[in-house]
Amino acid sequence: MRLRVHHETNYSYDSPVVATYQMLRLTPRAHDGQRVISWRVQTTHGHDLPSFIDGFGNIVHCHALNRRHKEAKILAIGEVETFAGDGIVRGAAEPMPPLFFLRNTALTMPDRAVETFAREVAGQLPPLAALHALMGTIRARIAYRTGVTDAATTAAEVLEKGCGVCQDHSHLFIAAARVLGIPARYVGGYFWPAADAEPYNAAHAWAEAFIDDLGWVSFDSTNGVCPTESHIRASVGLDYLGAAPVRGVRLGGASETLSVTVMVASIDQ
Amino acid sequence: MMGRETQAAAGHSAGFDEMHHAGACRAPYEIIRDWLEGLPPDFLLRKHAEAELLFRRIGVTFTVYSEGGDLERTIPFDIIPRVLDADEWAFLERGLRQRVRALNAFLVDIYNGREILRAGRIPQAPILLNASFRPEMQNFTPVHGAYTHVAGIDIVRLGPREFYVLEDNCRVPSGVSYMLENREAMTRLFPGLLGHHRVAPISHYPEELLDTLRSVAPPHCPGDPTVALLTPGIFNSAYYEHSFLADEMGIELVEGADLFIDDNIVFVRTTEGPRRVDVLYRRVDDDFLDPLTFRSDSTLGVPGLFGAYRAGNVTLANAVGTSIADDKSIYPYVPEMVRFYLGEEPLLANVPTFDCGRAEDFSYVLSHLEDLVVKEARGSGGYGMLVGPQASAAERETFAARLRARPGDYIAQPTLALSTCPTYVESGIAPRHVDLRPFVLVGKKIHIVPGGLTRVALREGSLVVNSSQGGGTKDTWVLETRC
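Those sequence lines, one after another, are chains A and B.
Letter 240 of the first sequence, counting from 1, is numbered 240 in the working numbering, and no numbers are missing.
Heads up, the working numbering is the position in the second sequence plus 1000, with the first residue counted as 1.
Bear in mind the hints are in silico, worked out from the structure with no lab data behind them.
Remember, it's a predicted structure, so these values are computed and weren't measured experimentally.
Be a bit skeptical, because a hint or two may be false.
[As the list claims (entries may be wrong)] Which stretches of chain B does chain A cover? Using the computed rule of at least three CB atoms under 8 Å from a CB of chain A, they are:
id : region
1  : 1134-1140
2  : 1167-1178
3  : 1253-1262
4  : 1450-1464
For glycine and all other residues, C-beta sits at the position ideal for the given N, C-alpha and C.
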């Protein structure tokens, strides 16, 4: 399937900002399930952004805006060809060994409740079945609701609140998988819900878990599916903070208005 | 228990005295004996007082955290030097070079192919799940493979030929300013004394450090590299050292707010406009270097610095991620690193170390607390440690509770009878326990200024030399002649 992505992030400020610095993880790389036909990232900066490949294999663009501004824009546009598959990620850059992804972060640190949740859902199931059970249970128990959580909400808080967005579903899945001793990681990217479905106007996130003999398997707890051709994988990390599409700081400026537009369209037809 | 090659360490009880041994004065200390014998009465008392004034005047201070508030005080300086002869130093220098080469090879490997893990010589989990292992550094090799550009290797001596490494300080070792000031003080207090005895000079350390830093200029450095020293600021306990070294090297002393990134290049704001910086001798911890990559709440670093670093536009010394090499839970594997990367037997031995994260080690440690020194695997500065033989039963019990709560956070070592050196104390001249921190510079080449910082436990019988715990320092003489 050929998917076209238009991802625009606009910041506007009440009073001028002196400088903005950002790291952008917005660029998909090829693996067996996706081929990047074209992709560009541009900002108010106006010319090609410097970039590097981070320790997880993500392409990171570095954005520095060293002049007073009241607005800033980031635009990611491209086309990616995706392939139907079995939800197993093959052929991706894998600089870090699976064991590393047992490491927890502030966002994924389980509390007693998350530990109990993970063990109860998994029961005596073998790893793959346990992960499917986790995905299904998270989808059923954690209602999709925007505006109740933010970028700093932890997996433990998500379970307690019982609602959240894709980022929260993913953190809870990752935290629970790691409780079970299964390496798990956060994936940032894009999602195409199907031609007749309601458009999904946001960047998406899901999780991957490592199973011996299979490798990295994708789980989208928000949609209750193992991602294949409707997902474009753009970044991986231990959690949201490590895989965030935009991580930045600004100097000065009172209050910020942020607007994000994501359009993912199939262009096969 | 790990570190099987160092069993000998455990057997000692009385300390080896570096001056008086086997009923005689050891040869390197004959000059000290002759000097002390020829002094008029009260001379040392006078010089001791003079030394204190001198250090206050220069303003060498050290902030001691545990005492509350911003308490600055001078570290006591002992006026009787410690002496090593040319042979002793030659051996130490060979051992230090070997160890630091292995540590750097380990760091390059651990952030690239991880051959040492694949070969099963170090287990995977203690490395990969260690917070000191920085995934951000994966697939990055700093210029000349130098991760620890300045390493402070703490050495203790148990006998005439027995030297052990107590710990490796690979991330941001401090103390070199005391080494330099101590020599300066000796020269002023006792004019002519050093000249008489062919003591190897050390005053070129700042030049060697600057040469080292310039030799690791990044791949995209446009010409003559500009070096600056990045400090967390005046509230840091080692701020004196930062300003001292910047001064001595003739480079800019900067804080995070003085720097900014543009087009992935680091600039320092100057009165003549922005100036490109190629090498940062940074004394800011990894966590605080760049809020876009590490702790988001840090204001001590520079937003975007890490991107410039990975892109090869700036060198950070020491490199990011170096702390995995001096994590105390990794220390037991250093001899194995020497064998694996260099194919050599380690010249400097490790102290036997119990890893409380291992069940069998842990039960041994719990039942032998009165014989052991227990330290936090990730702590430094002598805070939060238990010296079993000197602790009360109640103190040991309190500590045991902390151990049981988080065994994996602690390591334990036998109490070593550190060597003693003659030291000027209230009762006159008496032996006190010492260690040694030589500073190893790693750039294109390895360079070690002879000697290092000798720390001395001023309280009788005390084995804790840390300045935060009431330790003092001495000038360290390396004789250019053999004895």
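Unmet hints by their number, sorted upward, for this structure
2 and 4
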